[in-house]
Each structure stands twice: as structure tokens, then as C-alpha cells.
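Novice: Given next are the chains, with one letter for each unit.
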Amino acid sequence: MDLTLKIWRQAGPEAKGEMKTYPISGVEDDMSFLEMLDFLNEELIENGVEPVVFDHDCREGICGMCSLFINGEAHGPGRKVTTCQLHMREFSSGDTIYIEPFRAKAFPVIKDLMVDRTSFDRIQRAGGYISVNTSGNTIDANSIPVRKNDADRAFDAATCIGCGACVATCKNSSAMLFVSAKVSQFSLLPQGQPEARDRVLSMVNQMDLEGFGNCTNTGACEVECPKGISLENIARMNRDYLFASLSSNK
Amino acid sequence: MATISKGLFGSSLARKYWMAASGLFLCTFLVGHLLGNLQLFVTGEEGRQAFNAYGLFMTTFPLVKILSYVTYLAVLLHTVDGLMLARQNRAARPIKYAYEKQSANASWASRKMALLGTLTLFFIVIHMRSFWYEMHFGYVPTYKVDGVEYKDLWTITVTAFENWWYTAFYVVALLGLAFHLSHGVQSAFQTLGVNHPRYTPIIKKAMGAFAWAVPAGFIAVAVFLFVVQPGQSI
Amino acid sequence: MALDSKIPAGPLAEKWTTHKGEIPLVSPANKRLMDVIVVGTGLAGSSAAASLAEMGYNVKAFCFQDSPRRAHSIAAQGGINAAKNYQNDGDSVHRLFYDTIKGGDYRSREANVHRLAEVSKNIIDQCVAQGVPFARDYGGLLDNRSFGGVQVSRTFYAKGQTGQQLLLGAYSALNRQIAKGRVKMYARHEMQELVKVDGKARGIIAKNLVTGEFERHSAHAVLLCTGGYGNVFFLSTNAMGSNVTAAWKAHRKGAHVANPCFTQIHPTCIPVSGENQSKLTLMSESLRNDGRIWVPAKKEDALAIRAGKLHPTDLKEEDRDYYLERRYPAFGNLVPRDVASRAAKERCDEGYGVNKTGEAVYLDFAAAFMRFGREESHVKGLTNPSDAEIKALGEKVVEGKYGNLFQMYEKITASNPYKEPMMIYPAVHYTMGGLWVDYNLMTSIPGCFALGEANFSDHGANRLGASALMQGLADGYFVAPYTVGEFLSNDIRTGTISTDSKEFEEAEMICRDRTDKFINVNGTKSVDFFHKRLGKIMWNEVGMARNKEGLEQAIEDIQALREEFYNNVRVLGSAKGMNPELDKAGRVADFLELGELMAKDALERNESCGGHFRMEYRSEEGEALRDDKNFTFVSAWEYTGVPSEAKLHKENLVFDNVELKTRSYK
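Chains as they are written, first to last, in the numbering used here: chain C, 1 to 250; chain A, 1 to 234; chain X, 1 to 666.
Simulated from the structure, these hints should not be mistaken for lab results. Built from N, CA and C at the ideal position, the CB exists for glycine as well. Some hints here could point you the wrong way.
Cβ pair distances, simulated, as ranges [stated by the list, open to error]:
1) C/K6 / A/L83: 56 to 62 Å
2) C/S25 / A/R87: 21 to 27 Å
3) X/E375 / C/D152: 26 to 32 Å
4) X/N384 / A/R198: 31 to 37 Å
5) X/I510 / C/P145: 52 to 58 Å
6) A/V80 / C/S93: 51 to 57 Å
7) C/E46 / X/D387: 32 to 38 Å
8) C/D152 / X/K380: 19 to 25 Å
9) C/P145 / X/L382: 29 to 35 Å
10) A/H127 / C/K6: 44 to 50 Å
11) C/P77 / X/I492: 56 to 62 Å
12) X/L141 / A/V80: 48 to 54 Å
13) A/H127 / C/P145: 56 to 62 Å
Same shape as in the complex, but just chain C (with noise of 0.2 Å):
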């Protein structure tokens, strides 16, 4: 298929970027759009343009490091997949496809169309563990039964890959539904009680630090997100928030 593709360019992390427009032929349905990508780029180097940056790794829709904002959706058209998981048989030959890099504040631009999400792990830093020490002596995993419907919905909020496309769908910015899967999953667990109201309390404060803007219940998060991750989870942040500010007696 031939397709017209419209890619920022960004030198650098000062530079000054803009949109290029890069014809295209000879694209195949069972690619993926990142091998998509990587064709493109075989060709640029063949004729001495340097190739497109773009953030990648396990090309299996996992490790969250593929991001992209293609055709105004982030990781594409498609649902529940990252744009390493996206098809280009979703396309049709003569369409003309936007590829921008994900856009936040707190997501800035390194080049071309990889961004800095270190954002995120100092949000999970300020307080995504149970602190526990890895000595091993711990009690036995049996000893401490969690109900099965728990046990599932903290997995469900487990699987987040933290890609960042929630941030960079929400028209606001915001990383709430980031935010919220790590404080519900712990929260939703027996070991995780002991600090679930110092944890939402010290992850939304940094989350506030970094720039990411406010949650307007636009929902757009959930559909975008490659894993499914519910909007329950901000809602469940939103109480143990509430409760936690009310009940801190600092």
C-alpha cells in the first residue's frame, strides 16, 4: 500500500520541531507500524536522511515503551493495543497518517518523536512499593489469604505498562489513571494496608509536582488505554485520597 505519512521532527530536546511529510510505498498488511516505521527508515538511510527516533523494545505490547500519537489517537486506531500491536492492514492504501510524539508538559520531547517519561518513575518512586526488605524471611505466601475477586481487580490495575498514553489522550494531561492503578492495586491487597494512606497522599503530591494536569472524568484515559485499566481505579484513588487527607494528622 502507498501512504503519506506526516512525522514530527525534533533535533533535540531545545530544538525547534516541525511536521515532515514522508511518501511511502510498498507497505505490507501484516506489518506492524513499527516495522512500518523501520522500512521507513531503511529507505531514509539509503538516501542519507537521518532515520526517525522513536521509542521501542519488546515489540510485543508489554515493556510500554512504544508510544506515538497516530492519526490523533494515542497508539492508533486501534483498541486495548499498543502501536507495537497495531496492524497496518488497519490502514488503506492512499491514506495519510499523523504521527506525533505523545505531548505533555511533563512528557518532554528528547527527539524526534521520543519523549521523557521519567515523570512516572519518580511518581512511583514517592511511594509505588510496600516496603518490605528482600531478605526473604518474610511470612509464608499461603499465610496470607486474599479473596480471589481482590486478588483479580489488583491485577487488573497491576497490568498498567506505564506508556503514558492516558497522559497524552487526556485532553487535560493527566496522569490520574497512571496514578490510580498503582495506589488501587496496592490498595486493594491485605499487605499493601499499612501504608495506603501515606502511599495516595505522598504519589498524588508528586504527581501534582510534575505538571500533570487535572482529571475531568472525560474518560478518554480508559478507552486509550492499551491494557484496559478502569476508570474504578481513579475513582478508588479519589476516596483513599479523601479519606487519607481527612484522617492525616500531620
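Dock chains A and X against the given chain C, drawing on the hints supplied.
Specialist: Leaving out everything else, chains A and X in the frame of chain C:
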């Protein structure tokens, strides 16, 4: 991990709580206001007297007075808080997308809350100028029944709605309000942490119905007044 | 230098406990003065960095990804083994040890494997305490499933995302230490050179991939937790960035590479669809619990299917060849990976393959749908349900177990596995070989350790399913943090290592020169062009079936390709700033050396064992013929300048506790 509590001020979540709480409070105000307005369906002298008696009660009864101040405060809070949130949201994405397809993943109303809110605020200002200001500071004809002096708000009201453009503006503004509520009311529950797989669908339906029913009530009264023009027959 | 594996004396089951008790301790005050570098943040790296920091060392952790959470451990699907015996099916530490030794075709070290089995139980306790959401049954207790090559249920899992959940657990432990300032995290940094001072590993040169700058980092010990080298095949289930560079640099500085030819070809991957494919996707081995593998029994049917004239579901039972069940009745579809992969290749080579390329077999769930459906209709008390109803109920059950995998399959292939059998084919997945390490996980360079897939020690010639996660976390949480003490306890008076020494200077110069070299070639072909060609050579000659002539040819071809690479590669852009093509060039350059060593190792090992199958050494039935008399050793290769001229050191494997048997799954 460290305890970092900003209490109920300062954090983005707290701002949202205030937004939700003030919004929900204003919904109860809307219900009260609508109940009062429904009296306008009663025409003639009887209707005028009932409406003006209601007006007198609303401007003099101490509890209502207190409630009205709370309402002013809620409007102010909802507006200022909303503006601050909107400003932050705008700042959170300094470079916009070249191509965005927001309709793919979110309803129109949910994306236009600030716009709809501004429209509603504009409407409130005009609306208060027309009635509230007149009632409190302007000239309203008075008359006495059984020794009690009544301000004839009824006449002011029905006369206003004889005007087609005023009625049209009113209808448009209330449609805007309906959209604002259609997202806002159910969203307030989410913000306050109420989301349950079993009950949320019911809440969403009920609040959706509420969002359209209340403005529909206001619009019905307005259209009724415009069509029937009860002021002409007195 | 003679290879001393430093296996502690004493009975097998007591070696680790005794050894752990005897490792000299470093006092807390001294630990604060000691720096440890951890390269890689997968299961082994994250867990090691977190544990070492907890113990009091100053840790610097490096990963080339934008966040430690993205290391490729995240993609492991099936599960993690542990000898908990929660299912009461007779499991024990000894049985896990035995299964792993046997599964590895008796080419791993008894003492290491036993230690692994011992600490496996702690891993589960640790992970649950960290909030890893393992699957649970309705009683709220942990659930297990069974995996290939074993007859007990000892695999703990979190749907098809076990690796993700375990890595996020380790990442959270790491985050806790980063937040405390105990670990300094360097993301988007790639180790490009190991620095040796006085014969000991004392630091690394890391490239900041964002700025392109080289940074000097010193430490008292360096831990390489950099994963496997499967990407030497270009197409593999590894992540695009997975590379051998860190391990190879250590090799060039004196760390031996052990058993590099032991690569695992995983039987259940989505078949290759075209020339532009960049990677292969694994479908969890757990699918073999319930799916049945088959090809048409008649060649004409296979041809008709390939031509699109015949539909697989139309084929009658008697026209299907469930070849694993036929050849290996005892284990059936659950034979170990190497056996399953070779059997698939054998059928396809014979002309029974089913997709366009003739390189695919079916993995069919039709029987499972009916079996589960009948159970479910029984539970629901349905009387006389129709076949369609039973199938629908069964599909629901299968969806609950493997839903995400089915969905993933459909996304990639655009074929619905609930309606048509899946097509699968073997693909490169894991490398059992790696840096040679002693019992303390130290390589042949003092102070340089290798953990997880990067070392060679625990899986012999073939790794059993759900054992990689076990090993990564065992090494990182429970082994290396203690065993580094033996080396570091001699360093308490060393003080901070200066990065101004000539050793650091030289190492940095090497990196700079190399980078400039790639940029200055200015040839005509892209890096990927060479990588793909290397992959083809490796897959054809050093893949699932190898022979002498092919391996010799491969060595020649790789040498020629390497020569061409250095003369004709085109790397655009500059050495400054972000330049992924340049980074890729460095990685491919190292693969071009490693591939040659792998061929050499395969050539020298005149037997068939585990993932290493030499056509010359097989039984009449086509099964692998191991040669215990002559090859019960680890081949540890010392770098001499040309990979295929590396010097061989043999570490003889001594089996005191298990009897060497022909591995039979019949």
C-alpha cells in the same frame, strides 16, 4: 515513605473535591429554583399572588437567606476553582497536537466543560441582572394584600419572557446547562470516589436523566410564558 | 588460569546454608564506603540492586531503556517455579532440583541448581509480601499450573503476565531504594566498556544515550545482569534492544563465555509472516497444557491447506497427526521445549507444515473447549446441552485462562483462535549459555559478576519453562547480595576508586574510537541489513539442527560479513546527542563476534544435548544422542582476539547426586 498531607486544600484532587461538592450543592439549588418556577404554570391573579408570596418568603426567611449566601459562595467557588483547574490543564500541554481526534474517546460535553461552564456563568450574570438585581436593588412595583406588602416579581418575570430573544437566549443557556450537567453530575460522583460496577451504571442513568429533566423543566416554564403570555391578561 | 568453580564442600543440601554462613561479612560502616555497579534492571538486576542497597552498599544501576521497569523480563508470560508443594502432588526441593538438572540434559552444575531449588520458596514469599498479584483460587490461596517437562504443578503465575508482575515487584523494591538515595539510577545509559584496575573489575564506561556522552563510573564490583544474546539471530522473542554488548565487553577483558551454543528455541511462537518482520512473538508454553499440537497426516492435505483449498477444521481426526502425543505418549504435548521444537521442525522439513511458508504447525483448542465445556455444563446443572452450547461454555473457560494470549494472537495474525486452530512455529527465545561464573556468580574477572540469563550456570543445555524468572530473582534477591561479600570483604581498605586513572582513560578512548569508526565508515548499507544477514546465517547453520560443514561455513560467512560491516555500514547522524542507529551499530558489531564463537562452540561439542542438536549425533529414531563420556563439561571460552580462535577451558561437571540417564519423555 513520608507522609505528605496538604489536607483539603492545595492538591489537584482536593480542588476536584471542591468542584464536585459545590457542583452537587448547586444541583440542589437548581431543584429548589425549579420548584419555585413551576408555580408560573398557574396563570391569572391567583398565580401572581402565589408567586409573589413565594418571592417574599425567599427574600425574607432567615434560613433561606443563609442558604442563598451559601449558594453565592458555591457559585464563586465553582467558578474560581474551575478557572484555576482549566488554567493548569492548559499549561499541562504547552505544545498542542497537529491532529487530534478527541471524539474517538470522550463525549462532547465532557470535553467542553469549561466552555459550557463559562456560558452558564454568563447566563447567571444576565439572569441575576434581570431578576435578582431588580428584586433587591431595582424598581419593582409593590402592592398590599391583607396589610402585607408584596413586590410584583411575577409581572417582571412574565414580561421578560414575552420577549422572544430573551426567551431564546434563556433556552440556549439552559441547553448548555443541560450538557454541563450531563457530564458534571455523574462525574462528581466519580470525583468523590463513588464508583462501583453494580451501582455506577444506575447512577449514570439517573444523573443523566436529572441533567436533562431539570433544564427541561426551566425551559418548559419559559416556553409556556412566551406562548401563553399571562401578563397580557392581567 | 584454571577454572575453579568454588563449589563448597559438604552434602548437596547443606552446601548453600553452610557457605552462606561462612561468607565474611562486611560491617555496615564499611558497606557505606563501597560502591557496586549493577548493569541491567531486569529481574536479576533490579532485585540485586535493591537488595545490595538495602544491605548498605552504594549502588549505581544502569539500563538502556527509559525506565528500569521496561527490561525484557517484563515480557515473560507463563510463570515461575517454586517447590512449595501447595498442590500436595509430591513436589519437593529435591524434585525441582532433579527436574531442572534432567531438563537441562545434565549439563548444569548440581550445586548451583540445588541452591536455586532451595531459594525458590523464598521468592514466592518475598513477591507476595511485595504485593505481586499472583493468581489465586476461590479460597484465597495461591494457584498453580503445570509446565512442560515436569509432572507436578509448581508454577505460580499471574495470567499470562507473570514476568511483568514479578519485574514490577522488583522495580518497586528498587524504587524504594532510589527514593532513599541508596541507589542512583541511570536510565538510557548503556555500558560500553568494562574497566579493569589491577586485574579487578573496577568500573564501567557508560554512554548516556540522550546526550551521546561517555561517562566514567567506578565501583568495587560490577554486576552484569544484562540478559541473553538471542538477538544474534535477528529474529527472536527478545526485545529489540536486548544485546550482548556488556557481556561481550567483559569477555574481551577476560571473562570466559560458557556454552554459548546452548540456545533455546521455543516451540510455541507465532510463525514468521514476511521479510520485514522485526521480531517474533511467543505464545506462552502454558498453552500446551490444554492445546493439542498437530499437522495433517497426509502430505496432500498439507499442500491443500497451504494453497488455501482446505480448511484445518474440515480435517477428520484420523487425518491428523498429533505427532507429540504419538512420539512421546508419557509427556505428550508437555515435552520439554527442545524436544517439542525439534519435532515441529522435523514435521515441517518433511513437508507437513501448514502455513504459506510451510513452517508452521497447529495448536488446537477444539478438544479443550469441549472438555471444559462439559465440566462447566455439569457444574451449571444443564441437562442435554448441545455441542454448540458446550463449546461456548468451554470457550469461556479457556478465555479465563488464556484470554490475553488469544487476543494477542488475533491482533498479530488477524485470525480468530477460537474458530481456527492457532499456527505456531519454534523461535529463538532464551540463551542458556552466557558468562562463565563460579558458585559465587563471579566471572573469571575478579569483581565482575554475572546474574540471571547473562550467566550460564543453572539451565544446562535446555531450560525448563518457568525457570528463567526463578533464576533471575534467585540470583538477584538471594544469592549475589551475599556472595559478593566474599570478594568485597577484601576491599574494605581500598577506598573510593578514582576515575582519573589511565585505565579509565584508555577504556573511554576505546569507546570514542569505536563510535567514530562507525560514523566514519559511511558505507551503503544500514545496520539492520547486516543484522538480518547475520540472523539468517545463525538460524540456518547454528539453529535447531547443526552439522559440522554448516558450522564451519557459518564461521567463514560471519567473518566475511563482519569485514563487510566495518567497510560498508552506513550510520548517519553524529556521535553527539541521541542516535539509536549508532547504538545499534555497536550492538550488531558485538553480535558479529559472538555469532562466530557460538558456531565454534557448537562445532566443538560433538554430541547432541538439550538445545544443541548435531545432525551427526542422533539415534535411529532421530532423538538426540548425548555423549556423557566425552562431553560432561562446561566449555568456557577465553577471548584471544578472533572469536573462533578462543581458548577452551573445560569445567568438568560432577554428578554425585543424580544418575545420568538418557532423557526420555516417551
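Novice: Decide, hint by hint, whether the structure agrees.
Specialist: Hint by hint, here is what the structure shows:
no.: 1; hint: C/K6 / A/L83: 56 to 62 Å; result: 35 Å, violated
no.: 2; hint: C/S25 / A/R87: 21 to 27 Å; result: 46 Å, violated
no.: 3; hint: X/E375 / C/D152: 26 to 32 Å; result: 21 Å, violated
no.: 4; hint: X/N384 / A/R198: 31 to 37 Å; result: 33 Å, holds
no.: 5; hint: X/I510 / C/P145: 52 to 58 Å; result: 56 Å, holds
no.: 6; hint: A/V80 / C/S93: 51 to 57 Å; result: 53 Å, holds
no.: 7; hint: C/E46 / X/D387: 32 to 38 Å; result: 56 Å, violated
no.: 8; hint: C/D152 / X/K380: 19 to 25 Å; result: 21 Å, holds
no.: 9; hint: C/P145 / X/L382: 29 to 35 Å; result: 32 Å, holds
no.: 10; hint: A/H127 / C/K6: 44 to 50 Å; result: 47 Å, holds
no.: 11; hint: C/P77 / X/I492: 56 to 62 Å; result: 60 Å, holds
no.: 12; hint: X/L141 / A/V80: 48 to 54 Å; result: 53 Å, holds
no.: 13; hint: A/H127 / C/P145: 56 to 62 Å; result: 59 Å, holds
Hints 1, 2, 3 and 7 from the list above are not met by this structure, while the remaining hints are.
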